[in-house]
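Using the hints, put the two chains back together into the complex; each one sits in its own frame.
Residue numbers (the working numbering), protein chains in the order written: chain D, 1 to 401; chain G, 1 to 363.
Because the hints were derived from the structure by calculation, they are not lab data.
A couple of the hints might just be wrong.
[Claimed, not checked] As a list, the in silico EDC-like pairs of lysine to aspartate or glutamate whose alpha-carbon atoms are at most 16 Å apart: (1) D:135 <-> D:237; (2) G:308 <-> G:330; (3) G:347 <-> D:37; (4) G:347 <-> D:35; (5) D:291 <-> G:142; (6) D:291 <-> G:194.
[As the list claims (entries may be wrong)] According to the in silico footprint, chain G covers these stretches of chain D (three or more CB under 8 Å from chain G): (7) 42-51; (8) 72-84.
[Claimed, not checked] DEER-style ranges, computed between Cβ atoms: (9) D:32 <-> G:75: 34 to 42 Å; (10) D:62 <-> G:80: 37 to 45 Å; (11) D:357 <-> G:65: 39 to 47 Å; (12) D:289 <-> G:244: 16 to 24 Å.
By construction, the Cβ of each residue, glycine as well, lies at the ideal position given by its N, Cα and C atoms.
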Amino acid sequence: MRNINKISTLTLCCMLFAFFSCQKHRSSTDSKSQEIEGIMSVLNSGDYQEAYNLSQDALARNPNDTQMLYWNSQALAGLGELDIYSLFPVIKMKLFDVAISEWGEMQKFSERNREQTSSIILGDSISVANPNEEKDDLDRETARILRLPNSAIDYQIIESYKNTKAATSTNEDNYCFMNLLIDSKLFVDHTAIWLYNFPAENCSIEYGSDLQTSKLREMIRQFAVLKIENKRKKYEENYQQQKYLKIAFVLFEAIPILKRIPYFKVNKKNYLKESVSGLQKIIRLEDPQSKIYNHSKQQIGLIAGHFILGPIKNSVDFNGAKNALDLVCKSNVKIFLRHYEDIYYGVTHLIQAIEGSEFYIKHKKLLEMLDKQMKILPKTLEQEEQDKIESYFNKLKNESC
Amino acid sequence: MRAVNFIFIFLLFLGITEAKEVTHQVRPNSNFESTALNNSCSTMFSSPFSYKCNPALFPYASGNNIQFSMVGKSEGDSIENGKKLIFEPITEEEIRELFKKKSYNSFTFNSDISFKTKWFELSYSPYYLLADLAIYNPTFPEIAIHVVNQETLRATSGLEVFKQDSQYISSISLGAGLFYYKHLYENTVFSLYDLATQRPNQLVNFKSKYGVASDLGLFIKNDNVFTPNIALKTKNLFSKIKYNRQNANSALQLESFMAFENYSTFALGKSYKTFFGGIDLNLELPFLGPFKEVTSEQTTLGFRYNIKLFSLLTNYSNYYRGVGMLFESENFNIGISYSKEKDLAYKQDKFENSVYAGVEIVL
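Pulled out of the complex, with its shape left as it was, chain G reads as follows (with noise of 0.2 Å):
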């Protein structure tokens, strides 16, 4: 008990580590509540679209369904700016702002068609997509971007291993994706002369890279009031997307981090059923490659209360703060959340306000 104890604390207080990357609460595979509990999921066993989150939940997601759903930034600063630069004129005023104020813009919006029995789940998801743009330097303009479009097609599936009458471990699942993707990108850095002088189609170079991967999941119960639920997961297994760490380092370049290259996460976390709803929390603590090099700057505290059709979800972490609400009906799901966010973590000197907006449609 005092060991468990400890760890919570000990995980709290681990070392702010430093990086250069641009992280998204909207990645592959996200539903609305992954991405309004900014993936902070991996425990939360009792909410029925967890094991998106966490393929070892797979066996706690009952019933057979098909299922439409997306889920996007629809407004915010970004949106806002997006909106300014590329449907209207550009005035130099807006562009001294831009460097001022919001010199980095994001979109990013996830897509999915999904068939799901009770042993196994396929899901077809023809976009998944990123766009990141910075601009730096008011005396030579030099703009960074990252675009990418994603499709995957992806199977999923979880046993129980391991059942007792226990209220220490009293079961353990495992759970796995298997997904082959096709991941069209460009990440790269052009002046403003050359986006003045170059044909669009000359600076951007959409690169493709195709294959498969996995991601692999083991979840531990412990129906203890106070012991915590252990989740491990690894994300992205064999994906020849990497972390490209130069980037990462240059002052320049936008990487994308735990979105398409292997990372890893230990969770803990407590589910309790009350008479007022159900109450879910989580605490997520992401690692580079499998378990390899820990993120502890990018620890997130996740917080789901639901009571019938009715979910609030709320996440916490240095650079995400947001709210949501979820609203179920038998075939239809809708959602809205409020956040604040630093996609650039420390490098970001404030955070952007956004809206994200989800609706899932099941049949």
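Chain D on its own, in the form it takes in the complex (with noise of 0.2 Å):
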């Protein structure tokens, strides 16, 4: 009985060993998975010219491998020396300022102050009044006025205009004055208007019989037409300094995040281009769908806003801005416009990077009209175009500081 038992224990043993011996091994992670968490194990560590050597290595079997792509345009990217922690904050979303826990009140201010920023610099703000509305008022008046027929035209010569106190400032011993008395809520009644060529005591004779006929009336006409046009010129003078004064206040306030972008290097930026270049390849390649397509638009829309912020703060000594209006005056236009090709790779760019998102589609009549600008306009500037705005911003700098 005992060897029974021995027996059939080793026989159950032998059965198990021959059992698992011959289950299959799981098969090993594919040579890819390797290379890539090769790759992904050296850019955490921060060498990033080994995670260039090796991407660069797989890219050379297969030029067209999206994710062999994507991890070199990362190697490039740490090789420029892109700080990506810097940039976040300049998109206010100011991870970095509150715990995750508070992240949720964090994202609904970051939204608000995101649509109030993009607006002011985008130009449809809903603090300041919508100037189409102002527009379309003065053009309605203009047709108005245009179609009024020549009765509801008038004036009255006034005769003592000399004495008043508007007289005093000017010569107007030559002067005829007048009321214009025209129906509309532009002009007010009584509102003076004067012309002028003929001395004040001779206005009843000598636009006498012009008073009666159509001609003065119609001249009155013309007139109110082009006050209205005056009238549309200064307000749109007045709404782009008001546009660039809370544009001012805005980049005032963010002064604390601009400090924190970094320095543009100028002798890193081919690396980013390479990035960029690789990443624009994923692009074509790839499902619109997929994660690495949109993780690639992401970064060009990042690397790009470097090329365009990074300048700026090569450009402007933003420790000694006290007010608004020091982002002007401690400013130096030559450095920012030696980076005019820069700021035209980054603005192209970024368009390119943004196209179909939320936000493209909510401001894309403005951004198609700057993507048309971009690219009427040269992509380098000449010494003498420079000279010329350098001239003209100095000029304004004397000016307002």
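Shown next, in the form of structure tokens:
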């Protein structure tokens, strides 16, 4: 019996041995995954040169391998010393100022801020009166005045204008004055205008026949239209000034964040450009729904942003800025213009990167216009043009600062 | 005898295979003991709660009781990093350090309420929580997360099907557990840019799976001093949660292993009662699926020393080394274990130091 038990135990063990030794071992991870693991490991440790070398070897075997292109672009971005963390505060996310436990609230705040900032910069801010409405009003009034019958336009000679306070500041001896009486909300009754060339005492005589004819009325009509046109130009100037002032204030508020933008390193920019080329190739080859496509687009946007903001950082002394005007007064436009080509590169690639995004759809008209402008603008500026712009800007500085 | 010894040697020297998965010591239906032993306990019949490791050990767990138990990671590098990441503003320096030293962090927790009789056990686990987070690529940070919350309702039973008065194959027992699970999970990768520009609930969309699955176990007891006890078990049979080989091979995605999908183990072990206390040894070899593909690199040796109210528990494998202590009283057990672990196996450079704590209230 003991022998039977021994034999049965041994038999069982042999069967188990045979069973398990014949089981398939799990297949090894494929060599490509191992390669990627190796690259990721050196990327994480900050050895970008090694990561670049490894990815280049893989791309030599298969130049259209989008995964390897992606890691190659990451290595190049690392070699270009792109400081990703400094760029995040610039888009007002403030991740590093609040704890993750408060991100819910922060996200709402950031979204509101982002909306306001983009609205102000792109011109459809809700806090400034909509200029299009005002322009439409002026257009309507102009059309209305042009349609008015002559009987709706009248005038009144003011003989005694010379003695009024308004008259004392100019040499009104040779001018006729009249009140323009025109049925328009832009010209309130008794608004005084003057037509000159005749001595005042002769106004009734000299204009006599004209006063009775439609010729003068027509002149008054055209004068009113011209006045509206001037009003429109003034309004547009004021609106642009308001916008620039708001942009200056927004930028001023953003100074603590803008200070964190890394300086633009000219000797590293070619790495970043090569990185962007790789990412663009991925976008051409990959499915738009894939993560790698989206991440590539996002990174192009960030690198493009660096090309725009880095030169600004190089050309403005943010440390010395105490008010919004200092952003103009403490800027060095020469340095800024030296980086024109880089800014141009940044703007064109940024527009490409954000195409199709929610932000792009919302501001499509303006961004398309900007894109068209960029196509017209030269990629580089000649020295002569740089000098002209520099001179204009210095004049502005002298007047404002 | 020689054949048995040959099995031991063969198992220890099976070739290392490669994989990209994440394993954890705290698994669904774990208690403190199985965690401290890194689930290498399928033959430890003398432990009253080892049927949680292998349902075939149910006939050896005597008594009726109601039990509340919790076990989870309470301290360690991951916990520290997690606390900093979630409750304090993140700084750039911390992020850079995370990339260099600790790009992978994880947290696990299991809780259980059970009602046990001589014939069966009913248990409800309201929470099995698992959170794995890994970050890659400092130039354009990407984050892989795998988050799970599993709720289960389980019935377990076992019986001795063969018994003889012999030193060789003295008894054979079978056991089974049947459980309903509700599995909420998300396994995704996103960039830091996505995190900065979208709401968290847009990035993390929990999906759910519901179903019924089963654990089956076999235990062959040998009373001979040198002949090992043998255990076979398969876990999560018929589970809808599958092992995703594509994720496992992906460089970025995290894929859990030996937790929710069907896997099996083969174990050899021995228990000795001495004057100075009881000693249990167990060598466990896991397989993917129902004994389909062997994963020898996860072979684990478990050791338990027990004297009255105190147990010392240790485990050793390629990727986990731990030592723990369990203090037992009539109604209350408390345990603490210290562990060095590499959840990412060979893809993790350094061992993470972790502390697990467990509490059991037995009524």
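Unsatisfied constraints (hint numbers, rising): Going through the list in order, the structure violates hint 11 alone and respects the others.
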